[in-house]
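A.B. asks: Please construct the entire structure, taking both the sequences and the accompanying hints into account.
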Amino acid sequence: GEDVEQSLFLSVREGDSSVINCTYTDSSSTYLYWYKQEPGAGLQLLTYIFSNMDMKQDQRLTVLLNKKDKHLSLRIADTQTGDSAIYFCAESMGGSYIPTFGRGTSLIVHP
Amino acid sequence: DTAVSQTPKYLVTQMGNDKSIKCEQNLGHDTMYWYKQDSKKFLKIMFSYNNKELIINETVPNRFSPKSPDKAHLNLHINSLELGDSAVYFCASSNIANEQFFGPGTRLTVL
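These protein sequence lines map, in sequence, to chains A and B. The opening residue of the first sequence carries number 8 in this note's numbering; numbering runs sequentially from there. The opening residue of the second sequence carries number 38 in this note's numbering; numbering runs sequentially from there.
These aren't lab readings, by the way, just hints derived from the structure by calculation. Do not take every clue at face value.
Pairs of lysine to any residue, SDA-like flavour, derived with a Cα cap of 25 Å [said to hold, decoys possible]:
| id | chain 1 | residue 1 | chain 2 | residue 2 |
| --- | --- | --- | --- | --- |
| 1 | B | 73 | A | 51 |
| 2 | A | 77 | A | 59 |
| 3 | B | 81 | A | 12 |
| 4 | A | 43 | B | 81 |
| 5 | A | 43 | B | 42 |
| 6 | A | 43 | B | 125 |
| 7 | B | 78 | A | 26 |
| 8 | A | 74 | A | 54 |
| 9 | A | 63 | A | 89 |
| 10 | A | 43 | B | 124 |
| 11 | B | 78 | B | 94 |
| 12 | B | 89 | A | 105 |
| 13 | B | 81 | A | 30 |
| 14 | B | 77 | B | 133 |
| 15 | A | 63 | A | 115 |
| 16 | B | 46 | B | 112 |
| 17 | B | 78 | A | 104 |
| 18 | B | 81 | A | 15 |
| 19 | B | 89 | B | 78 |
| 20 | B | 81 | B | 95 |
| 21 | A | 43 | B | 45 |
| 22 | B | 108 | B | 120 |
C.D. replies: As structure tokens, then:
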């Protein structure tokens with residue numbers, strides 16, 4: 008099976024909160040990342056969290072990590088239409104270790 | 038200044054041809070990558086190149102070969118192009134925390 012799993016689609020109304028979930032299998036992961044891909048563009052790093060942290064907040068973004076369950080989530084507060092994109096979860100041991108990406112979650116924000 | 042750049046942005050070619058995609062990063066990173074993104078947005082790593090050490094994804098056909106003239110460049114050469122090679126190819130570089138910085142992508146269409 009896949010090392011990093013995400014649901015493929017999420018639809019929310021503008022102004023609501025979005026929560027994108029991710030599970031991973033590698034317990035030795037040191038870094039866990041969230042990337043955003045807008046149409047026709049490359050992936051852009053949004054944020055990352057160390058495996059020894061439970062939570063990280065950056066403006067409208069909140070990352071929660073449950074290391075025991077190997078579950079990572081990204082919460083976007085007050086979701087806007089400009090947040091519509093594909094969000095990729097990824098994990099890595101850092102350094103030159105090759106990261107493993109999930110298949111991406113398409114977030115659709117409607118008025 | 039563009040951190041990771043790729044050329045060309047679009048590439049349309051006939052089956053059987055040989056083509057190259059160029060990538061340059063000005064971030065001073067030691068590690069560079071090539072990824073393939075298919076029509077379902079699944080991101081697959083093809084190569085990782087770090088200090089002259091090449092890590093190859095074993096599923097990548099040997100028609101694909103990365104070439105690195107120096108630390109800031111990692112080009113991708115593809116021989117005998119096939120229809121299934123049609124995809125978006127992303128170059129990336131990473132720092133010590135393995136944060137990936139992606140280029141804008143090259144959309145390859147094989148006819």
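A.B. asks: Next step is simple, just say for each hint if it's right about the structure.
C.D. replies: Do the hints match the structure? See the list:
{"no.": "1", "hint": "B/73 to A/51", "in the structure": "16 Å, holds"}
{"no.": "2", "hint": "A/77 to A/59", "in the structure": "12 Å, holds"}
{"no.": "3", "hint": "B/81 to A/12", "in the structure": "14 Å, holds"}
{"no.": "4", "hint": "A/43 to B/81", "in the structure": "16 Å, holds"}
{"no.": "5", "hint": "A/43 to B/42", "in the structure": "18 Å, holds"}
{"no.": "6", "hint": "A/43 to B/125", "in the structure": "16 Å, holds"}
{"no.": "7", "hint": "B/78 to A/26", "in the structure": "20 Å, holds"}
{"no.": "8", "hint": "A/74 to A/54", "in the structure": "17 Å, holds"}
{"no.": "9", "hint": "A/63 to A/89", "in the structure": "22 Å, holds"}
{"no.": "10", "hint": "A/43 to B/124", "in the structure": "19 Å, holds"}
{"no.": "11", "hint": "B/78 to B/94", "in the structure": "18 Å, holds"}
{"no.": "12", "hint": "B/89 to A/105", "in the structure": "15 Å, holds"}
{"no.": "13", "hint": "B/81 to A/30", "in the structure": "18 Å, holds"}
{"no.": "14", "hint": "B/77 to B/133", "in the structure": "30 Å, violated"}
{"no.": "15", "hint": "A/63 to A/115", "in the structure": "24 Å, holds"}
{"no.": "16", "hint": "B/46 to B/112", "in the structure": "14 Å, holds"}
{"no.": "17", "hint": "B/78 to A/104", "in the structure": "22 Å, holds"}
{"no.": "18", "hint": "B/81 to A/15", "in the structure": "16 Å, holds"}
{"no.": "19", "hint": "B/89 to B/78", "in the structure": "29 Å, violated"}
{"no.": "20", "hint": "B/81 to B/95", "in the structure": "12 Å, holds"}
{"no.": "21", "hint": "A/43 to B/45", "in the structure": "23 Å, holds"}
{"no.": "22", "hint": "B/108 to B/120", "in the structure": "31 Å, violated"}
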